[in-house]
Amino acid sequence: MRRIRSIIVDDEELARSIVHEFLTPHSDIEIIAECSNGFEAVKAITELKPDLVFLDIQMPKLNGFEVLELVDKNLSVVFVTAYDQYAVKAFEVHAVDYLLKPFTKERFDEALERARQKVARNESFPLSEVVADARAPDVPLERVLVRDGSRVHVIPVDKIDYVEAQDDYIAIRFEGKTHLKQQRLSVLESSLDRKRFVRIHRSFILNVERLARIELYAKDSRMAILKDGTKLPVSRAGYEKLKGLL
Amino acid sequence: MHPILANQERLAIYMLAWLIFGGMLAAVLALPNDFLWTESLALAVPLTVLYGAICLSSWYLCRVFPLHKTGYAQLLLLYVIAGLLTSSLWILIGNGWTLLLERLSLFAPLNARFIAKTPLFVGVGFILFTLTVAVHYLIITFEATKVVEQRELQSRILAQEAELKALRAQINPHFLFNSLNSISALTTQNPAAARTMTLRLADFLRRSLRVGAQEFIRLEEEISLTLNFLEIEQIRFGSRLGVEQMINEPCTNCLVPPLILQPLVENAIHHGIAQLVDGGTIRLQAEWSGSVLRIRLENPIDTDRPRSRRSGFGLENIRKRLKAIYDTDADLRTEEKDGCFTAELSLPAQTSRAFSSRHRADNGSGLRDVSNN
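Line order of the protein sequences matches chains A and B.
Residues 3 to 248 in my numbering are what the first sequence lists, from first letter to last.
Residues 22 to 394 in my numbering are what the second sequence lists, from first letter to last.
To be clear, the hints were calculated from the coordinates, so they are not data collected in a lab.
Just to be clear, a hint being listed does not mean it is correct.
Covered stretches of chain A, going by a simulated chain B footprint (3 or more residues, C-beta under 8 Å) [said to hold, decoys possible]: (1) 119-125; (2) 147-154; (3) 195-207.
Label-pair distances were calculated between CB atoms; the ranges are [unchecked claim]: (4) Asp74/A with Gln175/B: 37 to 47 Å; (5) Ala33/B with Gln87/A: 46 to 56 Å; (6) Val189/A with Gly311/B: 52 to 62 Å; (7) Val168/B with Leu129/A: 53 to 63 Å; (8) Glu170/B with Val189/A: 49 to 59 Å; (9) Ser29/A with Ile268/B: 53 to 63 Å; (10) Ala223/B with Asp135/A: 28 to 38 Å; (11) Pro212/B with Asp135/A: 36 to 46 Å; (12) Glu357/B with Gly178/A: 27 to 37 Å; (13) Val264/B with Tyr171/A: 27 to 37 Å; (14) Val210/A with Asn28/B: 57 to 67 Å; (15) Glu356/B with Lys161/A: 35 to 45 Å; (16) Asp135/A with Val169/B: 46 to 56 Å.
Cβ atoms here follow ideal geometry from the backbone N, Cα and C, with glycine treated the same way.
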């Protein structure tokens with residue numbers, strides 16, 4: 003029988019050790035790594051491709067949701083948290099397995115059993131729905147996370163010049179660099195601050211602070227000229243949005 | 022708002038009383054056989070009800086000259102003049118009414134007989150006017166008592182709410198559940214450590230419940246409680262959490278509001294140490310400079326962390342408490358520089374309660390003003 007390869011992610015050693023202890027009697031589970039922060043977790047999940055992750059939410063560098071955002075979703079996740087009112091509500095709604103610290107052995111075994119079944123069915127994690135519900139309401143995104151191999155780049159949103167849609171990816175331009183991320187432009191748009199970032203075109207989101215002027219090229223065809231001279235197309239709807247904001 | 026006019030029920034009772042007075046006056050007129058019953062009723066009832074309406078205006082006098090703030094002689098003079106004027110007005114109106122009734126020739130001539138009764142009308146008018154004044158003063162006193170009762174009730178509710186909030190703030194859910202999880206992990210690996218942590222947690226909770234009920238505690242006790250808390254967190258975070266303290270000896274006798282440092286250390290852990298892979302050291306300092314007690318807490322932070330996730334509600338809570346206790350004499354300043362977060366608390370350095378009780382009194386009246394608005 004193939005063993006279930008698992009990773010334990012928690013910044014507290016004691017918290018990792020209790021998960022380790024409760025897993026020991028289950029011979030079908032193999033612990034392949036233990037991580038103490040978000041960066042380590044992304045690296046381990048990307049390189050080792052585990053079947054199952056026990057994931058703490060509150061951690062240094064990246065929280066549990068940000069870790070999941072950056073890795074392949076075809077793994078099974080059991081969240082482990084002490085207290086997080088928004089997240090727990092989201093877990094209930096989307097039938098995500100979670101453990102509230104401290105937890106009993108029985109409760110742990112139940113969660114593990116459900117995770118086993120999900121691994122067997124090869125179910126992937128419904129990340130975007132859960133993350134949308136788990137975030138505290140009305141808090142716009144402050145940084146965009148991009149994974150490059152097993153390295154994580156953290157881009158504060160005010161450093162972003164603009165974002166361009168390219169097939170299944172988005173290209174994030176900042177400080178003269180470009181990072182690609184597998185995400186839909188509309189998903190990013192909905193989590194950014196609407197007062198600072200405007201969808202000026204089907205394929206572009208612009209940081210309004212970078213805008214120098216708007217030029218009219220032909221009837222209903224405009225170009226946004228950025229402070230560094232870059233030219234971006236502006237659709238009619240995008241122009242209306244910009245006008246409303248400036 | 023007029024207390025009788027604004028309340029339909031009161032107005033009905035009031036007017037009914039005047040209707041009865043009217044009936045009584047009619048009887049007084051009819052019994053000596055000077056007037057027929059029909060004549061006396063037609064004369065007295067409408068006049069008395071109208072007079073009742075006029076007497077309502079005495080409320081404005083009652084409001085301008087409150088019972089306790091006006092001298093008795095002044096009150097006496099005021100209401101004798103007002104009563105005579107009002108009843109004279111009534112006589113004038115009565116005169117007009119009798120002339121009108123004569124013109125309609127429903128009754129035998131009335132006016133001459135009415136004028137003969139003027140002294141009676143002036144006397145009755147004066148008595149009824151003073152009676153109305155008394156009723157108005159009664160109502161004013163009654164309503165004032167009700168307002169005071171309501172204020173007291175409201176301030177009691179506010180105080181209870183504050184106490185509840187303080188209790189809830191003391192037991193931070195992150196701290197409590199993570200600590201319990203550490204204990205759960207330690208029970209199998211290191212039972213002795215599990216016991217130590219359980220006892221420390223119990224000690225911390227018991228002590229914070231006890232001091233939470235006090236108005237002020239000595240800084241020494243507050244700091245010992247803070248260190249107690251940090252010891253528990255040290256078990257949880259292991260080598261990631263270091264603690265250093267530099268407490269100037271004389272400061273330890275100063276009085277501080279209980280648990281005022283608790284939100285600061287919780288922030289230092291939650292937004293500082295817990296967000297750093299390698300943790301760091303929390304520094305606690307206290308010094309006495311002039312008349313000011315300065316308590317400073319420093320902790321390292323992750324500068325890459327989004328700003329909005331860094332500060333908690335705790336700071337706002339401390340500021341509110343300081344304002345309520347010391348008004349503008351205390352201050353909480355925070356600064357973030359080179360990966361280090363500093364919170365500095367400045368309080369009046371006091372070792373006795375004299376100062377505190379004066380401020381408590383101020384604070385008490387402040388609370389009532391708020392509920393009044």
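Hints and how they fare:
Requiring three or more residues with a Cβ within less than 8 Å of a Cβ of chain B, the coverage given for the region 119-125 of chain A is violated, as only 0 such residues are present. Chain B is given as covering the region 147-154 of chain A, and this is violated because 0 residues of the stretch bring a CB closer than 8 Å to a CB of that chain, at least three being needed. Figure legend: the region 195-207 of chain A, annotated as covered by chain B; annotation inconsistent (0 residues with Cβ-Cβ distances under 8 Å, at least 3 required). Separated by about 58 Å at the C-beta atoms, Asp74/A and Gln175/B break the suggested range of 37 to 47 Å.
Checked against the given bound of 46 to 56 Å, the beta carbons of Ala33/B and Gln87/A, roughly 54 Å apart, stay inside it. At roughly 57 Å, the beta-carbon separation of Val189/A and Gly311/B lies within the given 52 to 62 Å, and the hint holds. For the pair Val168/B and Leu129/A, the beta carbons lie near 58 Å from each other, so the given range of 53 to 63 Å is met. For the hinted restraint 49 to 59 Å between Glu170/B and Val189/A, the CB-CB distance of approximately 58 Å keeps it satisfied.
Checked against the hint of 53 to 63 Å, the pair Ser29/A and Ile268/B passes, with Cβ atoms roughly 54 Å apart. Ala223/B and Asp135/A have their C-beta atoms about 37 Å apart, which keeps the hinted 28 to 38 Å range intact. A beta carbon spacing of about 40 Å between Pro212/B and Asp135/A agrees with the range 36 to 46 Å that was offered as a hint. The given range of 27 to 37 Å is respected by Glu357/B and Gly178/A, whose C-beta atoms sit roughly 28 Å from each other.
Separation of Val264/B from Tyr171/A is about 47 Å and departs from the stated range, judged on CB atoms against 27 to 37 Å. For the pair Val210/A and Asn28/B, the supplied restraint of 57 to 67 Å holds, since their beta-carbon distance comes to about 59 Å. Between Glu356/B and Lys161/A the CB atoms are about 24 Å apart, so this pair departs from the stated range of 35 to 45 Å. For the pair Asp135/A and Val169/B, the supplied restraint of 46 to 56 Å holds, since their beta-carbon distance comes to about 49 Å.
Hints 1, 2, 3, 4, 13 and 15, counting from the list given before, are not met by this structure.
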